[in-house]
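Novice: From just these sequences and the hints, can you work out the full model?
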Amino acid sequence: MFGLLASSTPPIHITSAYLFKIGPLLITNSIFYGWICSILMCTLFIWVARRVTVHPQGGLVQFIEAGVEFIRNLVESSFEDKERSYKYVPYFVTLFFFLLMSNWLGLIPGVGESFLKGENPLFRAFTGDLNATLAVGIITMGYVYASSIRESGAKEYFGHFFIGSPLNPLYLVLGILEMFTDATRVISLSLRLFLNVTIGEIIIAVFSYLGGIVAPLTAAPFTLMELFICALQAFIFVILSVMYLAITVNHSTEEHLTDEDITETINGDAKMATS
Amino acid sequence: MLILAEVTNVAIIGKGLMIGGGLIGPALGIGLVGASYMQAVGRNPEASKFLGQALVFIAIIELMALLAFASIFIVK
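So the sequences go chain by chain: A and B.
Last residue of the first sequence: number 275 in our numbering, and the count goes up by one each step with no gaps.
Last residue of the second sequence: number 351 in our numbering, and the count goes up by one each step with no gaps.
Each hint should be verified, as a subset may be incorrect.
[Claimed, not checked] Covered by chain A, per the in silico footprint, the following chain B stretches (three or more residues, Cβ under 8 Å):
{"id": "1", "stretch": "294-300"}
{"id": "2", "stretch": "321-334"}
[Claimed, not checked] Here are the simulated DSSO-like cross-link-like pairs (lysine-lysine), alpha carbons at most 30 Å apart as the crow flies:
{"id": "3", "chain 1": "B", "residue 1": "LYS290", "chain 2": "B", "residue 2": "LYS351"}
{"id": "4", "chain 1": "A", "residue 1": "LYS155", "chain 2": "A", "residue 2": "LYS82"}
{"id": "5", "chain 1": "B", "residue 1": "LYS324", "chain 2": "A", "residue 2": "LYS82"}
{"id": "6", "chain 1": "A", "residue 1": "LYS21", "chain 2": "A", "residue 2": "LYS117"}
{"id": "7", "chain 1": "A", "residue 1": "LYS155", "chain 2": "A", "residue 2": "LYS87"}
{"id": "8", "chain 1": "B", "residue 1": "LYS351", "chain 2": "A", "residue 2": "LYS87"}
{"id": "9", "chain 1": "B", "residue 1": "LYS351", "chain 2": "A", "residue 2": "LYS117"}
[As the list claims (entries may be wrong)] Chain A is nowhere near these chain B residues, computed Cβ spacing over 12 Å in every case:
{"id": "10", "residue": "ILE287"}
{"id": "11", "residue": "LYS290"}
{"id": "12", "residue": "ALA310"}
{"id": "13", "residue": "SER311"}
{"id": "14", "residue": "MET313"}
{"id": "15", "residue": "GLN314"}
{"id": "16", "residue": "ALA315"}
Calculated directly from the structure, the hints in this document are not laboratory data.
Built from N, CA and C at the ideal position, the CB exists for glycine as well.
Specialist: Here it is as structure tokens:
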């Protein structure tokens, strides 16, 4: 009798599955849904961009404007030099909205176990695949490294890994270890996003399995929690990559300060203290 | 002994140890972050604007818990 109330095992897919082939390329359900999401996002944001006005109109446009403003303030406040930060704003705003919409579109009903093609689901969240998040991570960190090298110069950038002269064997080994630590940021960024999305899906699947016929009641709190976590993960991906960029860029601006600037700052502080 | 070996699936014990041991550390870490945040807010109520930074640190710690959770699928 209880067999009617619940299926025998919770349906869980921890990896993406192959759907069809285009030439030598195997297309997985994750990238297939990623394409659909990209088309939807492009349509939505082009539609929004044409409706932006000086006087706020309310509605969806204002929400997206607020999101853009939020990321812009985040990037500006991370950099010491405001002028330098403006050229990095567009990339991070795009990244934030791409990850946010990919995560949220993976949670809507119909994505996941609902539509099956053979054994495997037809749609899967784009960020629920390690290949997808690894690609996003590599592109982001590549951009961060390229910008850091452009801002501070190649010699100075690679020099800051070493505490002393690289000819000293101890400092050389320490510097190379430091470089490897730096390279693990790609993996930690992409693994964090992938695991949060995938494990969220598994938790929702397990709790709807435990619920049996009242599955909506048991799965709803975890779906709401996932809505929050997906937004938080998109924000954390952005804030961490902004921080990685801001550390090296701020480091290079500090060294350009002359003695006059420093004495002026000290005098200014002294005046403020006396007055 | 033979019967015991037949009825016990050792992988279950391994999974239990993995998820239990893997979650206890991040749980303590998130608890410490939360405690420090509440202490800071208690001393200086203006510190409540750093909730975003506290959440970033929680997300960094959370990765360890998620790695432990994900690795139970490897054990058969």
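Novice: What hint numbers does the structure not satisfy?
Specialist: Per hint list: 1 and 8 violated.
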